[in-house]
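Colleague: Note that the protein sequences, when read in sequence, are chains D and A.
For the first sequence, the working numbering begins at 1 and goes up steadily by one.
For the second sequence, the working numbering begins at 131 and goes up steadily by one.
No lab work stands behind these hints, which were simulated from the structure alone.
Errors might be hidden in some of the hints.
[Claimed, not checked] Derived pair list, reagent style EDC-like, types lysine to aspartate or glutamate, alpha-carbon separation capped at 16 Å:
1) D:LYS11 x A:GLU261
2) A:LYS300 x A:GLU287
3) A:LYS142 x A:GLU153
4) A:LYS202 x A:GLU137
5) A:LYS307 x A:GLU254
6) A:LYS157 x D:GLU24
7) D:LYS11 x A:ASP259
8) A:LYS202 x A:ASP290
9) A:LYS219 x A:ASP176
10) A:LYS221 x A:ASP176
11) D:LYS11 x A:GLU254
12) A:LYS157 x A:GLU198
13) A:LYS300 x D:GLU24
14) A:LYS307 x D:GLU2
15) A:LYS202 x A:GLU153
16) D:LYS11 x A:GLU281
17) A:LYS142 x A:GLU198
18) A:LYS220 x A:ASP176
19) A:LYS300 x A:ASP290
20) A:LYS196 x A:GLU137
21) A:LYS307 x A:GLU261
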Amino acid sequence: MEKFLYSAFSKIPDTPAPNSLYGETLRAIALRRMSRLMTVAAIILGIMFLVSLWNLYSGFIEADTASALSAIAIGFDWSFDAFLDGASQLSGFIPTGALVLSLLNLAALGFVSYLAISLGRMRKLYSMQA
Amino acid sequence: MPDELSEQALVKSMVSGDHRAFESLMKAYQTPIWNHLRRIMGNENDASDLTQETFVRLYVKRHHIKPELPIKAWIYSIATHAAYDLLRKKKRLKEAFIIDSEDEEDGSTETNKAFLAYSKTEEETVGRDMERALAKLPEHYRNILLLYYREGFAYGEIADQTGLPLNTIKTHMRRAKQSLVPLLRDYFE
Numbered sequence: 001m002e003k004f005l006y007s008a009f010s011k012i013p014d015t016p017a018p019n020s021l022y023g024e025t026l027r028a029i030a031l032r033r034m035s036r037l038m039t040v041a042a043i044i045l046g047i048m049f050l051v052s053l054w055n056l057y058s059g060f061i062e063a064d065t066a067s068a069l070s071a072i073a074i075g076f077d078w079s080f081d082a083f084l085d086g087a088s089q090l091s092g093f094i095p096t097g098a099l100v101l102s103l104l105n106l107a108a109l110g111f112v113s114y115l116a117i118s119l120g121r122m123r124k125l126y127s128m129q130a
Numbered sequence: 131m132p133d134e135l136s137e138q139a140l141v142k143s144m145v146s147g148d149h150r151a152f153e154s155l156m157k158a159y160q161t162p163i164w165n166h167l168r169r170i171m172g173n174e175n176d177a178s179d180l181t182q183e184t185f186v187r188l189y190v191k192r193h194h195i196k197p198e199l200p201i202k203a204w205i206y207s208i209a210t211h212a213a214y215d216l217l218r219k220k221k222r223l224k225e226a227f228i229i230d231s232e233d234e235e236d237g238s239t240e241t242n243k244a245f246l247a248y249s250k251t252e253e254e255t256v257g258r259d260m261e262r263a264l265a266k267l268p269e270h271y272r273n274i275l276l277l278y279y280r281e282g283f284a285y286g287e288i289a290d291q292t293g294l295p296l297n298t299i300k301t302h303m304r305r306a307k308q309s310l311v312p313l314l315r316d317y318f319e
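Bound conformation, chain A alone (with noise of 0.2 Å):
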C-alpha cells in the first residue's frame, strides 16, 4: 500500500487523467477489496465481479474525488455500495461461506484451499474462528465489523459510506457484538 503522501500524490494524478496513477491504485487496493467483499458475500465469484465493478465506478467518478480525501474512504465507500446493490437484487441473508459445515474443514473446495495452506498456529486459529463466526452474521452486521475493526474506519465514516444515520451504524454496531460474542464463548470464558 503506497504512504499517505505518495498515495495523495497518486490520487491528484488520477483526478487529472493519468491513467497509470488510476492503475496503482487499482494494484494496490484490489486484494484487500476482494477480500473485504469475499467476507460480506460469502463466496470468490460474487467478490471478483463487485471487485471489478468498484473499480470501474472509481474509474467513471474520478473526477469527482477530492484529493485532500482519503482515497480508502472513498473506494471501500462504492465498494459497500456495490455490494448492498448486489444483496439487494439477490435478496440474501445469513448464508454461510468460506467453510459451508465442519465436515468440509478437510474437504478440497477451491474456498477451502486456502485454509488448508496455513499451519495450525494459535494466531491463525483465533483468525479462522472469527471468520467462521462472521460468516453466520447477516451481511449487514459483517460488513460493518469488518470496516470498524479491521479496516480501521470510525463510525462517522462507515455511516458515511453505508448511507446510514450514525446512531443507526451505532445500534447496528451494538447488536452486531451482540450477535457475535456468543460464537466465539470459548475465547471469552
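Just chain D, same shape as in the assembly (with noise of 0.2 Å):
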C-alpha cells in the first residue's frame, strides 16, 4: 500500500499559480516595509508635536501672555482700530516661532498619518484582491 500511495501522491497534477501572483506579493511586503517606516515616523512627529507644545507653553508663560490678555480685554471696545491696536500689543507676547513650529509638527504629523492610513488601506486592499 506504501508504494501505491507514494506513487498515487506524485501524480496529482499541479495547476499553475495565478500570473499576478508573484507581483502581488511583492507588493505587499513593499507596502509592509513603508507602512512600518511611516509607523516610525508617526510616533517621532507625534513626540516633536508634543515637545513644540511644551516649548510653546514654555514660552506663553514666560511672555505672561495671560496677563496681557487680560490687560488688552480691561476696557476693549469692539472697533477695528482697537482690534488693531490688540493684536499688535498681544503679538509681542506671543512665541511667534514656537507657535509656528507647532503648526508646522502638526501638519506634518497629520500628512504622515495620512500616508501610513493609505498605506495600510492598499495592503488590505491587495490581500483581498490575490
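Join the two chains into one complex using the hints; note that each chain is given alone, in its own frame.
Modeller: Shown next, in the form of C-alpha cells:
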C-alpha cells in the first residue's frame, strides 16, 4: 500500500499559480515595509509635536501672555482700530517661532498619519485581490 | 527548484539582507506552495491569499532563519500555520473542492479547467482519483498526507510544522490512511 500511496501522490497534477501572484506578493511586502516606516515616522513626529507644544506653553508662561490678554480685554472696545491695536500689543507676548513650529509639526504629523492609513488600506486591498 | 548547495547559498544571502536572493527563493517555491495550499483549502482564492501571507511572513522572519537548516521545511511550516490560522477563522470542515460533484467533471468552472486540459492517461487518472479522494478528508488529514507522501517530510518535521506531538502525528497519519483506503477501493481490490 505504501508504494501505491507514494506513487499516487506523486501523480497528483499541479496547476500553474496565477501570473499576478508574484508581483502582488512583492507589492504586499513593499507596502508592509513602507507602512512600518511610516508608523515610526508618525511616532517621531508625534513626540516632536508634543515637545513643540510644551515649548509653546513655556513661551506663553515666560511672556506672561495670560496677563497681557487680561490687560487688553479691560476697556476693550469693539472697533476695527481697537482690534488692530490689541493684536499688535498681543503679538509681542506670543512666542511666534514656537507657535509656527507647533503648527508645522502638527501638519507633518497629520500628513504622515494620512500616508500610513492609506498604505494600510492599500495592503488590505491587495490581500483581498490576491 | 535550485539544488541544495545553491539553495543554501541563496538562504545565506537572504538572511544577510539580499532581496534578490529572497525573490529567487520565492520564484522557486511559489507554485509548489500555492498548489499545496490549494489542495488543503479547496479553492484557488484562499491558496493565493495564503501563499502571499506565507512569503510575507518568511520575509519578516528571514533574519531568524538558520541557513544550515533546509529552507523547504521553514516555508512549508509557515504555509501550514497560515492555513491553520485561516481554517480556524473560517471553521470549515470537510469541504469538497476542485470537483464538487461528478456532474461537473465536464463542466467549465475555473477550477475544473486544469483537469480538462489533461489527457486521460492512466497515470493522470490515478493522480486525479487521489486528489478527489483527498478532497473528502478533513483538511488536517489532507495536509499531513500531502506533507508526508508528496513533499517527502518525515514525521518529526511534520510535527514541527504543525506544532503537534510526534505520537499525535503518527496517530493522525494512521487514521488518515484508514479514511483514504475506502475512497480508493478500486485500486486495492
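Colleague: Provide an ascending list of the numbers of those earlier hints which the structure does not satisfy.
Modeller: 5, 12, 13
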